[in-house]
Every structure is written in structure tokens, then in C-alpha cells.
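As you go down the protein sequences, you meet chains A and B in turn. The working numbering numbers the first residue of the first sequence as 1 and each following residue consecutively. The working numbering numbers the first residue of the second sequence as 170 and each following residue consecutively.
The set of hints was computed from the structure by calculation and includes no laboratory data. Be aware that a few hints might be false.
[Stated by the list, open to error] Here are the simulated BS3-like cross-link-like pairs (lysine-lysine), alpha carbons at most 30 Å apart as the crow flies:
id, chain 1, residue 1, chain 2, residue 2
1, A, LYS25, B, LYS319
2, B, LYS195, A, LYS114
3, B, LYS194, A, LYS156
4, A, LYS150, A, LYS25
5, A, LYS156, B, LYS278
6, B, LYS325, A, LYS26
7, A, LYS150, B, LYS319
8, A, LYS156, B, LYS325
9, B, LYS195, A, LYS99
10, B, LYS283, A, LYS25
Please read these numbers as outputs of a predicted model, since none were measured by experiment.
Each chain, written out:
Protein chains: 2
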Amino acid sequence: MPLSMYQASIPLLVRGLDNLSAVLKKGAAHPDAAALVEARLAPDMFTLAGQVQRASDTAKGCAARLAGIDNPGFPDTETSFAQLQERIARTIDFLNGVKPAQIDGSEDKAISFKAGPYILNFTGTSYLTTFVMPNFFFHATTAYDILRHKGVAVGKMDYLGALPAQPAG
Amino acid sequence: MPLSMYQASIPLLVRGLDNLSAVLKKGAAHPDAAALVEARLAPDMFTLAGQVQRASDTAKGCAARLAGIDNPGFPDTETSFAQLQERIARTIDFLNGVKPAQIDGSEDKAISFKAGPYILNFTGTSYLTTFVMPNFFFHATTAYDILRHKGVAVGKMDYLGALPAQPAG
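Given the sequences, and given the hints that come with them, work out the whole structure.
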């Protein structure tokens, strides 16, 4: 059965957000947790909070634009791990409220939106594959990288999440 | 037209590798280029060279496993930006040699491989969406993050690559 637009988008994003939530839980348990929320890898990069907000925005923007429904505005006011977890939970709830039938068939749908001084013009497929996927995983990875750089004991399997594994021979 | 397995994999990975190549070119132009190849964000994370090697492996593994063809072994011997660019070019060549007809229809194909002490068992779809996508972009992003953290003037648009944009209003 061919890959549907829903399969290629919403479950991956929900999984990525669940994994990001698990990574952040390890950050919240660190002695320097309060400072970590504002940590960044370079002075002009987003903080950890900013990375989570951008991952959230990329995921909800994808669901809203492919489904052609209203994209809820989430103000970027989070200053604690607890608030970042709420942001992720709210994003997952929004994604889970979108049904496959709302997304499927959006391959050739015209998707246009403002990004800084530009209007970006995509089809559903090019939006998903050249913007949403690289951008979502960019922000989820950079959140992980910030915590890893600051000494939080997160590992690659926290980022990837559970995989169907069996011991090798 | 539904998203084909080829569309959802090879062109994204080639684009991601092209963008990684552009990011590395900016690293190579930095005064500390030689040291950057061995830079990392945490003592027990892969170096920049390691991140590029893992991005390459994830991309060529995807093409080989979905197509059911031999996965060429690329030894992890790169110690310079020039050699990392060769690794990327060789990976892109391999991906470009795989035709859509070899990949399409692999949605339900059983994909199993050894990863450390485990055997991972996927379908084509779960392999692509829960392993290849997050893992490829993890390593491409972390390569970018290492360079960004070390002061190389790369920007998000180097990572994302050219997008179909027009000035807003």
C-alpha cells in the first residue's frame, strides 16, 4: 500500500515530539535545569526553549497546512521544562486531532506562507520533504545537542525512541 | 499522485547531502578548518567527521536496503574536509544510481539489520519514517551544530538549501 501523506507526516511528528519530551525529562532532572532552558550552542542561535518552540511550530504548521485548517498560535512564553512539556503536549493533541482523511491527498496541494521577508511556495510533497522533515528534526536534534553539550546524560536512543529490536544471536 | 517510497527517500537524502556539502564548504574556509574536522559537542559524541560518516551511512543504507541491493562499505578514514566532500559525493553517486522502480513498492518489505548488540526489524515504511529520517537529519544537523558552535558563519538556509521563495508584498 503506497505511503499516504498522513503516514509520512503526522505519526513521525508525534513520535518525534514524544521523543523530544523524553529528552527534555532528562534535562529537567539535571542539577542546572533552570539554566538549561536558556542554554544555546552559539550566541545567535535559539535557546533550548526556542528549539522546542520551533519544533512545535513546524509540526503544528505541517498538520494545519496539509489539512487546510486553522494553525493555532502558541505564544513563545515558556521559561521552564514544565512549560515546554505543556507546549509539546498541546502540539501532540493538535496533531492527534487531525484525521488521515484531512491530510491524505494533499501531495499536490499549493502551500504558501510567509517566512521572514519571503513568501515560500510549495506543493504538499515539497513542503513535507524539503521543509517540514529537515526543519523539524533540526530543532529536535539541536535541543538534544544543547543538553548533550551541557552534560545531560541523554543518549541517541532517547532521541530515536524505542525501535523493534531483538538481541543479535 | 500518492507519495512513492522513492520520492519520500532518495531525493530528500540527496538534497540533505548536497546541503551538508555546502555547510562543510563554509567550515573548510574557516581559519581553524583542520581542527574542526575533529571537533565535537561532547567528549563521547562523534566528531564532525563521524557525523558526516553516519549521515552517509544512513543515506546509503536506506537506498541499499529499500532497493535490496548491496550496501557498499565506505571505510571511516576521512581526516580532512576534502575527504569528507569525497565521501558525500560518493554517497550521492550511489543514491543517484538507484532508480525509482528499485525503491517503489518497498513499503511493506521486511528490513532487518544489526545495530550494536541488536537486530532491528522494520517494514520499509517504519524503517524510513522511524529510523532513516530522524537519524539522517540528526547527523546532518549535528555536523551543522558543531560548526555553528565553533564560530563558522553557517546559517539555517545553508542547512535547508534553496527554497521556492518570492519577496513578500
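Hint-by-hint comparison with the structure:
{"no.": "1", "hint": "LYS25/A <-> LYS319/B", "result": "holds (27 Å)"}
{"no.": "2", "hint": "LYS195/B <-> LYS114/A", "result": "holds (27 Å)"}
{"no.": "3", "hint": "LYS194/B <-> LYS156/A", "result": "holds (27 Å)"}
{"no.": "4", "hint": "LYS150/A <-> LYS25/A", "result": "holds (15 Å)"}
{"no.": "5", "hint": "LYS156/A <-> LYS278/B", "result": "holds (26 Å)"}
{"no.": "6", "hint": "LYS325/B <-> LYS26/A", "result": "holds (27 Å)"}
{"no.": "7", "hint": "LYS150/A <-> LYS319/B", "result": "holds (15 Å)"}
{"no.": "8", "hint": "LYS156/A <-> LYS325/B", "result": "holds (23 Å)"}
{"no.": "9", "hint": "LYS195/B <-> LYS99/A", "result": "violated (42 Å)"}
{"no.": "10", "hint": "LYS283/B <-> LYS25/A", "result": "holds (29 Å)"}
The structure does not agree with numbered hint 9 stated previously, though it agrees with all others.
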